[in-house]
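*Asks:* Protein chains in written order, with the numbering used here: chain H, 1 to 672; chain G, 673 to 727.
Bear in mind the hints are in silico, worked out from the structure with no lab data behind them. Please note: incorrect hints may appear among the correct ones.
[As the list claims (entries may be wrong)] Chain G residues, not near chain H, derived (Cβ > 10 Å throughout):
| id | residue |
| --- | --- |
| 1 | Asp674 |
| 2 | Arg680 |
| 3 | Ala684 |
| 4 | Lys695 |
| 5 | Ser698 |
| 6 | Val701 |
| 7 | Arg702 |
| 8 | Ser708 |
| 9 | Ile709 |
| 10 | Glu713 |
| 11 | Cys717 |
| 12 | Glu719 |
| 13 | Glu720 |
[Unchecked claim] With a Cα cut of at most 25 Å, we get these calculated DSS-like pairs of lysine-lysine:
| id | chain 1 | residue 1 | chain 2 | residue 2 |
| --- | --- | --- | --- | --- |
| 14 | G | Lys695 | G | Lys681 |
| 15 | H | Lys606 | G | Lys695 |
| 16 | H | Lys380 | G | Lys695 |
| 17 | H | Lys125 | H | Lys32 |
| 18 | H | Lys330 | H | Lys522 |
| 19 | H | Lys522 | H | Lys598 |
| 20 | H | Lys549 | H | Lys411 |
| 21 | H | Lys606 | G | Lys688 |
| 22 | H | Lys358 | G | Lys681 |
| 23 | H | Lys567 | H | Lys660 |
| 24 | H | Lys567 | H | Lys494 |
| 25 | H | Lys549 | H | Lys498 |
Don't be surprised by glycine CBs; every beta carbon is placed ideally from N, CA and C.
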Amino acid sequence: MSQSNSYGNLTQEQIEILGRQGCSAQDWSQVKVADGFNTARVRNVQFLGRVHVGRFTGGIRLAGGLEKPSGIYNATIANCIIGDDVYISNIGVHIANYDIGPNACIENVGTMVTWPGATFGNGVKIAVLNEAGGREVILFDELSAQFAYLMCVHRYRPVLIEKLLEMTAKEVKKAGSDTGKVGAGARICSTPEIVDVNVGPYAVMKAAASLVNGTVLSSAEAPSVIESGVVAEDFIIAESASVTGSAHLKKVFVGQGCKVGSQFSAESSLLFSNCEAFNGEACSIFAGPYTVTHHKSTLLIACLFSFYNAGSGANQSNHMYKLGPVHEGKLERGTKAGSFSYMMWPCRVGPFSVVLGKHTRIFDTSDFPFAHLEAGADGKCSMIPGLYLATAGTLRDAQKWPNRDRRKGSKKRDMISFDTFSPYTVGKMVRASSILIDMQNSTDRSVEEVSINGAQMKRVLLRTSQKFYRTAIEMYLLGKILARVEKALNGGIKGIRKALAAEADGVFSRDWVDIGGQLMPKQRLHDLTDAIEGGEVTDFAAFCGEVGKIYEGFEKDEWAWVKETYKEYFGRALESLTKDDLAEAAESYRTTKIRFLKQVLIDAEKDFGGLSRTGFGQDGSAEDLDEDFRQVRGLYDDNKFVKETRANIKAVEQRVAEFKERISAISWSKWR
Amino acid sequence: MDVEQRVRKVVARQLKVDEKEVKLESDFVRDLGAESIQSIELVACFEEEFDIEMD
């Protein structure tokens with residue numbers, strides 16, 4: 001695809017030909033054309049102001065193989081640069097103040113205009129979390145989940161916010177222009193109104209209703225799609241995203257790989273990578289990566305999410321009829337809300353928890369990951385910490401997210417940590433276990449329930465939840481050690497010792513944080529925010545560089561955490577482990593992991609049990625029930641997930657056996 | 673109290689049924705109406721009653 005860079009005046013003969021073809025110009029001397037300009041492909045065009053027109057030699061290939069000759073037909077063009085082999089046809093009102101890249105196609109569009117001083121959605125303030133304001137994030141093209149998170153959540157560091165605002169202002173300034181852009185190869189058709197909208201290369205905009213003050217980021221390898229009936233105002237839509245099905249967006253950021261459609265409406269919200277939003281409504285939400293809401297009557301409001309799944313009719317309140325909609329919720333990664341679940345903000349839910357029922361009491365279960373949180377008839381939250389650790393759903397989610405990363409192309413703005421078990425979640429389990437032990441020791445057996453940060457818990461389950469967490473903590477720590485030593489076995493004792501030592505660049509923090517989907521030691525976050533406040537990180541590119549380095553260093557930091565936590569949890573330093581200890585650790589890992597996977601299988605089997613068969617075999621006999629179930633749902637033994645989990649069990653057996661054999665072959669005498 | 677009686681007592685208390693309804697052949701879910709969460713609580717109660725750990 002080429003683009004002319006030399007333009008000249010039309011000849012008198014060309015002007016006459018154009019005139020005969022229904023063309024006119026305010027001032028023909030302001031119409032410049034590229035070498036090789038073809039008058040035959042410009043018909044019924046009114047030129048206003050200064051217009052540059054490229055060469056028209058080829059055609060535009062449309063979906064289905066249809067090819068149309070490039071050119072300008074039936075249009076009013078004002079102050080535009082038209083690239084080579086652009087196809088513009090049937091423009092109802094006009095196209096004004098646009099730079100249109102080569103091979104772009106604009107057809108059956110009403111008004112397409114850029115007004116002076118446009119910023120194309122950049123600079124729009126989004127009142128996230130607190131609908132009444134105070135946590136505003138300002139839109140700009142390159143906005144990432146990490147940057148937005150700090151801007152929104154860390155308001156307790158005003159100097160940091162001031163510096164982030166300075167970085168933002170620079171980015172917003174870059175976007176300002178009196179001329180809009182349509183990237184090379186973009187396709188825009190049947191859209192009545194496009195005002196102050198930048199359109200990236202290869203974007204597809206088909207039958208949108210109205211697009212005002214926004215940017216559609218797009219590229220050849222990561223095209224974005226805006227379709228049928230979409231109304232968007234004050235927005236940025238990132239690469240690989242699709243916004244379709246009459247979605248209504250007002251003051252919204254749609255991140256890379258997001259899918260929004262089926263009449264979803266969103267206002268004052270940020271949706272980062274790979275979110276899916278259909279049918280329902282969002283207001284003032286910070287939807288971190290992989291936030292998913294698919295159903296009608298689902299309202300997500302004033303809340304922080306990531307890896308979230310909303311059941312049908314899930315909703316929340318941020319207003320208690322006092323000082324306005326000022327309350328906010330924090331649902332940590334992996335949370336699921338059951339159908340018609342309700343929460344009254346403020347509430348905070350720990351990672352990978354499941355919320356069921358109508359919660360009318362405020363609670364904070366952030367220290368208790370993988371919890372079952374069910375509202376009783378009185379609206380109180382009843383909690384079972386750790387219940388969702390060994391469940392098929394949790395394991396399936398962990399497997400599916402990385403495979404569902406729809407971000408194409410090399411540029412990925414949001415840093416996403418996919419690990420279900422990490423120092424972030426396992427650290428919470430360690431803390432939770434300690435709280436549960438203390439409560440168990442200090443609570444008399446006659447007590448039926450205990451209260452933890454607004455949630456109720458059956459006393460008898462204090463021990464059960466400890467057991468859930470113990471399994472996961474040990475599985476994680478031992479698994480990490482096994483994996484590390486396994487890789488070092490070829491290096492003999494020296495290699496193993498090196499593997500068990502600390503990494504020079506690893507940073508240890510007991511507490512880890514989840515910064516908009518990226519996990520990191522708290523110390524890393526402090527170092528980053530200190531560097532911003534101290535003026536060492538002064539622009540957005542430098543910010544991304546620092547965040548990227550933290551992301552790259554995840555494994556080293558994780559190892560620092562595993563090493564220290566192992567010492568505290570098992571009471572022994574890794575350096576003191578002998579060959580036998582390592583073999584024993586591997587055996588403990590085998591036992592724990594297999595017990596875990598077997599529990600997952602038991603959980604999966606419930607989907608094939610008697611109760612799951614309810615309603616099958618309708619109008620038939622008892623035998624028909626089984627056959628109907630078999631035809632529709634298949635057999636437990638044939639289920640893909642079940643097969644994979646069983647294979648996983650075998651792999652663990654084999655892996656540990658091999659490890660023990662290999663480590664036993666290392667000369668004992670050389671081991672201290 | 674023998675083991676069977678203790679089990680019966682725990683089940684009756686936990687599932688809020690009459691001790692007489694808890695029979696050796698009773699199915700927790702089908703006959704005694706235990707739901708998934710109640711099964712977890714039941715196991716926890718057995719563990720506490722008998723000071724054991726159940727998988």
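*Asks:* Give a verdict on every hint.
*Replies:* Okay, the hints, checked on the actual structure:
no., hint, result
1, Asp674, "21 Å, holds"
2, Arg680, "17 Å, holds"
3, Ala684, "15 Å, holds"
4, Lys695, "19 Å, holds"
5, Ser698, "15 Å, holds"
6, Val701, "7 Å, violated"
7, Arg702, "8 Å, violated"
8, Ser708, "8 Å, violated"
9, Ile709, "7 Å, violated"
10, Glu713, "6 Å, violated"
11, Cys717, "6 Å, violated"
12, Glu719, "7 Å, violated"
13, Glu720, "6 Å, violated"
14, G/Lys695 with G/Lys681, "11 Å, holds"
15, H/Lys606 with G/Lys695, "24 Å, holds"
16, H/Lys380 with G/Lys695, "34 Å, violated"
17, H/Lys125 with H/Lys32, "40 Å, violated"
18, H/Lys330 with H/Lys522, "18 Å, holds"
19, H/Lys522 with H/Lys598, "35 Å, violated"
20, H/Lys549 with H/Lys411, "15 Å, holds"
21, H/Lys606 with G/Lys688, "24 Å, holds"
22, H/Lys358 with G/Lys681, "32 Å, violated"
23, H/Lys567 with H/Lys660, "22 Å, holds"
24, H/Lys567 with H/Lys494, "21 Å, holds"
25, H/Lys549 with H/Lys498, "23 Å, holds"
Hints 6, 7, 8, 9, 10, 11, 12, 13, 16, 17, 19 and 22, counting from the list given before, are not met by this structure.
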